[in-house]
Amino acid sequence: MLCANKVWMGLALVGLAMWTGCAAGGSQDPTIPDVEVDQDGDPAGPGTEICNGLDDDGDGLVDEAPTGTGLLVSPCATACGPGERLCLGGTLGGCSAPLPDPWGVCPCTDGQIRACATACGSGVETCLAGSFAGCTAPSPGTEECGDLVDNDCDGEVDEDCGTCEPGDKKQCGSSTGDCVAGTRTCRADGTWGTCVGLVGPTEEVCDGSDNDCDGEIDEGLAPDTGEYNDTCQMARRLPDVIEAGAEVTVQGSLYPTGDEDWMWFRAMEGWHDCEPFAGQCYYELEVTLEPPLGVDVEVCLYPSWPADAPACEEVGDPGSSFCTDPGETSMVLSWEGVCMLDDTLDFVVALRERPSSPSSCASYRLSFSMEGPYTVCPEDEYPTY
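Going letter by letter, the sequence shown gives residues 1 to 385 in our numbering.
Honestly, the hints are just simulated from the structure, not real lab data. Everything numeric in this text was worked out from a predicted model, so none of it was measured. Watch out, some of these pointers could steer you wrong.
As the list claims (entries may be wrong) - Dumping the calculated EDC-like pairs for lysine to aspartate or glutamate here, alpha-carbon to alpha-carbon at most 20 Å: (1) Lys169 to Asp189; (2) Lys170 to Asp158; (3) Lys169 to Glu143.
What the hints assert, rightly or not - Pair ranges (Cβ atoms, derived): (4) Asp147 to Gly215: 19 to 29 Å; (5) Ser330 to Thr257: 53 to 63 Å; (6) Asp207 to Gly111: 15 to 25 Å; (7) Val196 to Glu165: 34 to 44 Å; (8) Gly215 to Thr329: 17 to 27 Å; (9) Ser74 to Pro100: 41 to 51 Å; (10) Leu221 to Gly327: 24 to 34 Å; (11) Pro100 to Gly197: 42 to 52 Å.
For each residue, glycine too, the CB sits at the ideal point set by N, CA and C.
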C-alpha cells in the first residue's frame, strides 16, 4: 500500500489500490513451501538454474547467475541490437536493448562516427546525446574571384566576377550572424582579388548562434532520437528501473519550441527475504533532471500498477500526477509494499518547458534510481489508505 511520506519536495503517493498478485513462482499459501518435482511427480535433483523463483541447482541460492554471484540474466534483442533481461522475483524484466522510434530509427551511441557529405565534399559526423551532429564536410561559401576555385560548390569557377579599376576595393561576404565580411581589391589586370578577412557560414548547430548566417538562430536542427514521443499515446519505453540496481538515464531535447517528451518505465521490486505479508517501508524512486542552462523544465510522473502499457486516460487525471515545482530539478516518490506481493509500479513521465521559460535546443539529462525497503513496517505506525 502507499504511504504518505514527505521527502524533499513534500510529495506523497496516496489513494492507489493494493496489488494483490503473488510473486511469480511463489506459493499462494505462505505455510506451504515450494517443492520442485520431476515429470513423475518425484522431487527433482539439482538442475540448471532458470528464472522461476526456485533453487533449481540446489546450492541454496535462488535465480543466481552461473558464476554464483549476481542475478540470472537472459539474452534478448530488439531491432536496435542485443541486450539482456534481468531475473527478479522469478520473472524476467524488460529487455535492456534500445527500441527504435515510430519511424524505425535507432538511437546512436555517444562517440559513434559515420560518414556525411555536403555539396562541397565528404566528412564525418559524431553521435552526441543520441543524435549525429557536427559534420566535418566543408560548407559552400562565397565565390572568390581569381582563385580558380569553385568556392560556392555550384560547379562553376570564378563566375560573375566582372572587371574593375586596379586599386579599387569593395566589401565581400556577409556580416550576418557569425559571418564576418571581408574586402576585395582590384588587381592590376582589372580582376577582383580574393576576399580577405572573410568568415563564411558553417553548418547550423545548437549553440545559440546563427552559424549559417541566414538571420535565424538554432533553426532547422534535427530532433532527438526519442522523437516523436510528444503524446502519451506515443510514450517512449525506457529500461526497467530496478531496486538497488544501476541508474537509468535518458537524454533528449524539447525542440522545436512547444515540444513535449513522454516516456514510461517500470520501477521494479527486487528479491527480498522477509516475513510473508509483512509491511515493507519504503520503496523510494529518485528522479533527477539536468535541464539546458537557463531553461525551466517541468517533470511530471503518473503512477499506476503494472500493465502492458499504462492507460493514457488515467494519465489525463490531474489528481494522479506528481510534478516538480518551478525551478526544481529533483523529487523522490515513496510507497509502502507488502512482502510476497508485487510492489512494482509503472510510471508515465512527461517533460515540457514551462510557459515562462526560454526555449533551448540543447539536451536535457533525466535519471531514475530506486531503493528498496529498509525495514519491516509496524502495522500501527503508518496510515492505511
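How the hints compare with the structure:
| no. | hint | verdict |
| --- | --- | --- |
| 1 | Lys169 to Asp189 | holds (14 Å) |
| 2 | Lys170 to Asp158 | holds (16 Å) |
| 3 | Lys169 to Glu143 | holds (16 Å) |
| 4 | Asp147 to Gly215: 19 to 29 Å | holds (28 Å) |
| 5 | Ser330 to Thr257: 53 to 63 Å | violated (25 Å) |
| 6 | Asp207 to Gly111: 15 to 25 Å | holds (20 Å) |
| 7 | Val196 to Glu165: 34 to 44 Å | violated (18 Å) |
| 8 | Gly215 to Thr329: 17 to 27 Å | violated (34 Å) |
| 9 | Ser74 to Pro100: 41 to 51 Å | violated (21 Å) |
| 10 | Leu221 to Gly327: 24 to 34 Å | holds (26 Å) |
| 11 | Pro100 to Gly197: 42 to 52 Å | holds (47 Å) |
Hints 5, 7, 8 and 9, counting from the list given before, are not met by this structure.
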